[in-house]
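Asks: Take a look at the letters that make up each chain.
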Amino acid sequence: MKKLFNIMFGIIIVLLMSMVYFSNSQLMDIYSYRDKFVQDAKYIPREMTNPHWLGDFNIIYADFIWFESLQYYGDRKEKKASLEYLSNIFNSITNLDPYFEQAYSFGATLVGTDGHNWKGCEQLLKKGMINLPDDWRMPFFLGFFNYMWYKNYRAAELWFKIAVKKPGCPERIYHFIPFMHFRMGDYYTGMLMWIEIYNNAKNEQEKKGALQNIKVYAKKHLTKAIRSFIRDKGHIPENLYVLVKTGYAKGIPNLPDGSKFYYNVVKDSVLIHK
Amino acid sequence: MRRSYYIAKAVFLESLKNYTLVSMIVFGVVVLVASLFLNNAMLGEYGKLVVDLELTLPILIGLIIIIFNGTRLVYDEIEKKTIYIYASKPIKRWEFMLGKFLGLTAVFLVVTTIFAILGFLFLMLLHIPVKGQYVLSLFFSIMELMILLSVTMFFSSFSATPILTGVFAFVIYFAGHLAPDIYQYSLMAKNQFVRVLVRIIYYILPNLSYYNITKEVTHNISISINQIYYVISYALLYIVLMMVFSILIFEKKEF
Amino acid sequence: MTEILKAEHLSKIYKSPFFRINHRGIRDVSFSVNEGEIFGFLGPNGAGKTTTLKIIVGIHRADSGRVFVKNIPINDIEYKKHIGFLPENPYFHNYLSAEEFLSITGALYGLNGKKLRERIKEVLEKVGLTKYELRGKRIKNFSKGMIQRLGIAQAIIHEPEIVILDEPLSGLDPIGRKEVRDVILDLKKEGKTVFFSSHILQDVEMICDRVAIIADGKIIKTGILEEMLVKKDGAYEVKLALKESSSFDVIKKFGEISDIEGNTVFVYVDNEESKDKLLETIVKDGFGKILKVNPLHKSLEDEFMRLFNIEEKNEA
Chain A
1 MKKLFNIMFG
11 IIIVLLMSMV
21 YFSNSQLMDI
31 YSYRDKFVQD
41 AKYIPREMTN
51 PHWLGDFNII
61 YADFIWFESL
71 QYYGDRKEKK
81 ASLEYLSNIF
91 NSITNLDPYF
101 EQAYSFGATL
111 VGTDGHNWKG
121 CEQLLKKGMI
131 NLPDDWRMPF
141 FLGFFNYMWY
151 KNYRAAELWF
161 KIAVKKPGCP
171 ERIYHFIPFM
181 HFRMGDYYTG
191 MLMWIEIYNN
201 AKNEQEKKGA
211 LQNIKVYAKK
221 HLTKAIRSFI
231 RDKGHIPENL
241 YVLVKTGYAK
251 GIPNLPDGSK
261 FYYNVVKDSV
271 LIHK
Chain B
1 MRRSYYIAKA
11 VFLESLKNYT
21 LVSMIVFGVV
31 VLVASLFLNN
41 AMLGEYGKLV
51 VDLELTLPIL
61 IGLIIIIFNG
71 TRLVYDEIEK
81 KTIYIYASKP
91 IKRWEFMLGK
101 FLGLTAVFLV
111 VTTIFAILGF
121 LFLMLLHIPV
131 KGQYVLSLFF
141 SIMELMILLS
151 VTMFFSSFSA
161 TPILTGVFAF
171 VIYFAGHLAP
181 DIYQYSLMAK
191 NQFVRVLVRI
201 IYYILPNLSY
211 YNITKEVTHN
221 ISISINQIYY
231 VISYALLYIV
241 LMMVFSILIF
251 EKKEF
Chain C
1 MTEILKAEHL
11 SKIYKSPFFR
21 INHRGIRDVS
31 FSVNEGEIFG
41 FLGPNGAGKT
51 TTLKIIVGIH
61 RADSGRVFVK
71 NIPINDIEYK
81 KHIGFLPENP
91 YFHNYLSAEE
101 FLSITGALYG
111 LNGKKLRERI
121 KEVLEKVGLT
131 KYELRGKRIK
141 NFSKGMIQRL
151 GIAQAIIHEP
161 EIVILDEPLS
171 GLDPIGRKEV
181 RDVILDLKKE
191 GKTVFFSSHI
201 LQDVEMICDR
211 VAIIADGKII
221 KTGILEEMLV
231 KKDGAYEVKL
241 ALKESSSFDV
251 IKKFGEISDI
261 EGNTVFVYVD
271 NEESKDKLLE
281 TIVKDGFGKI
291 LKVNPLHKSL
301 EDEFMRLFNI
311 EEKNEA
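Residue numbers (full-length UniProt numbering), protein chains in the order written: chain A, 1 to 274; chain B, 1 to 255; chain C, 1 to 316.
No wet-lab data here; the hints were simulated from the structure. As the structure is a prediction and not an experimental result, all values here were calculated from the model. Just so it is clear, CB atoms sit at the ideal spot from N, CA and C, and this is done for glycine as well. Accuracy of the hints is not assured; some may be wrong.
[To be verified] Residues from chain B shown here face chain C by an in silico Cβ test under 7 Å; the list is partial:
#1 4
#2 6
#3 10
#4 13
#5 18
#6 79
#7 90
#8 93
#9 131
#10 160
#11 233
#12 252
#13 253
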């Protein structure tokens, strides 16, 4: 009986030892990646993403992570290290404090520009729009990044249009919308928008700027129409109204200051005179 | 009632003369002053840090008071036999318990007032407008602390040691804040038994997440009158129930 | 003599919450205290003194029996206005000063304002706390004697008719005991009734008018102290300092030598006559000095032990 017990005991010991060895070798495998992970993982407080765990202190903890994130950003930037986990940090901050506006806008900027994480940037801003539906910055930044990085002018224009409708949005944001049309090649719509801006302008400075833009857009619009007309028909249009009739131009704009359009055949450009 | 007031006065005086409370307040003030220098790092949301600290420091200090003083409130009286002095005086036991409760509530009120005034001064210094919602948030946090104190007193009326009561209070605090998640879980659980059990737990626990309106307040999200009314009546109901239970147990107790 | 405090058939048994084993308690305790006397409640540790006091004071509820003060039953809140209580080894709020503590306890009896302040001064004077520097001093820093005095002060702040003290003299140094004893005697002079418990016989012997002796949860005997003390006439203990040890033989004629320490000798003498002769011989013949002559009483202690022995025999 005693012998049997001893044998059993020995087998159990051997089994245990081997288990420890194998689990250890697995652990070793994990630890070989340790150096790679530890730097980034340190800054991802995954457990803290549910704000309720922290009682009343979620806000103050969000502030702490905010400071930490700034430090992390500066530190990694200096070392020229990867910033791919930056979006996680700002995600945690905004989980803890869903109304922290700077964490969305500033955070998304950092995530996009330095982290090169377009998707994370977009997600962060969309989350901001859900949590802060009355803030103009989230749609504006989303539009701006669409324009800057994706060159997706249609999406950008849509986001700008949303931003403009939010309360407290600066007037200057309006100017982005015609500009997006300009970039898309739809000069006429852009120009109509500039005319609207001109009509609603409150001071002389703004009016002057708007008029200048109108002229630029109008020129572009007409030049484009005339060039395509010549390319298709092989001759110069008799007058500008022919362009509208044949569908090459959407319309001939009436300039607010009463100027008229001329076409210089030699220079192949549209002129504006009074 | 008047006799409860004198017991409350004793608790209040003793807490104020205790160095721990004073040192905690000093610590809080130091943190608040330090936040002024960190304010520029908030990038555009100036004053957020000051407001956040102003609104959360009273809760932190209140929690420490509950865990270190609130759990010993009745226990010490029994353990050190101070209760004999009060029991021989013409005071009823429920008046004694009520007095203890009101005494610590007065301490919460004083701590909160100190931080409110300091915080508002700092905000004026930074030229940031002071909003009435801050006062509402502070009021809510006092109610939260009162609920937690009543739960603590309930536990301490039958728990063996103050440490155990302290652990209870600590767990209840965080579990109370997790109440919305518990509710969500009760909706999602597949097993019918688990679902009912979790729902019962949800109704028993104090839903402290109602009282955390710090983030709404710091970012000017409006709070409806209905919510305020509901939250106040919830607190009153919970406190009264807890106090009635703890008094019933305390009445039966022999020292 | 009118009865001020009356306890009738008090019983209390402590039950263990888990095993339902009955613990120590008291069984059928009855006694009454007359107005203006000092009543001693005497018994060994664990006899049920404190339990009885707790029931009288209203900290515990008795299983059966009734208590009256001036014919007011105990469950009336008026009852507690007539009694003042000092618990055993009292402990007060650490961080309050004596005045603050007294003002709170006084306020519980409905005293307030100027009257309360005057009363506090008066009481502090009475218990002899005014000779210490009290201003701003916390109770935490009080000595044991000071705490005991403060305890008495809070017990008499509302001028109760009967003051109940639980072991007021235990744990004090001789001077402290003397002072607390004086306070108790002063209370008696004022016409207050004092009811106090003790396990120390000397204290009871010194100041009590009547005593009740309790052992094992039962009152063994109640009576006037003088009647309990039976003098054994004529027995003396004489302490001598002798010059020579050879004089032992001379002394042995008069009485027994009970103890020798160097040249100091304790002699037990049976009667007064031989005591006189012994002293005379020593003075006349110059054997040595007389240090002390001590008459021997049969004290309360002996009575106590005797009662105990009877009790044990009965049980057996």
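Asks: Any CB of chain C closer than 7 Å to the CB of residue 233/B?
Replies: Where the cut-off is 7 Å and the nearest Cβ of chain C is about 33 Å from residue 233/B, the hint is violated.
Asks: Regarding the hint that residue 79/B lies at the interface with chain C, is the smallest CB-CB distance below 7 Å?
Replies: Where the cut-off is 7 Å and the nearest Cβ of chain C is about 9 Å from residue 79/B, the hint is violated.
Asks: Would you settle whether the hint for residue 4/B is holds or violated, based on the nearest Cβ-Cβ distance to chain C being less than 7 Å?
Replies: violated, 10 Å
Asks: Take the shortest C-beta to C-beta distance between residue 160/B and chain C; is it under 7 Å?
Replies: violated, 12 Å
Asks: With a cut-off of 7 Å on the beta carbons, see whether residue 93/B makes it to chain C.
Replies: Not OK, violated: residue 93/B not within 7 Å of chain C, min 11 Å.
Asks: For the hint on residue 90/B, just tell me whether its beta-carbon gets within less than 7 Å of chain C.
Replies: holds, 4 Å
Asks: Hint residue 252/B vs chain C: min CB-CB distance below 7 Å?
Replies: Status violated, d = 10 Å.
Asks: Holds or violated: residue 253/B as interface residue toward chain C, Cβ cutoff 7 Å?
Replies: violated, 10 Å
Asks: Going by Cβ atoms only, is residue 10/B closer than 7 Å to chain C?
Replies: Hint on residue 10/B: holds, closest Cβ of chain C at ~5 Å, below 7 Å.
Asks: For the restraint on residue 131/B, tell me whether the closest CB of chain C is nearer than 7 Å.
Replies: Hint violated; residue 131/B Cβ to chain C Cβ min 37 Å, cut 7 Å.
Asks: How about residue 13/B: closest beta carbon in chain C under 7 Å, or not?
Replies: holds, 6 Å
Asks: Against chain C, run the beta carbon of residue 6/B and see if the smallest gap drops under 7 Å.
Replies: Constraint on residue 6/B satisfied, holds at 4 Å.
The structure fails to meet hints 1, 6, 8, 9, 10, 11, 12, 13 from the earlier list, while all remaining hints are met.
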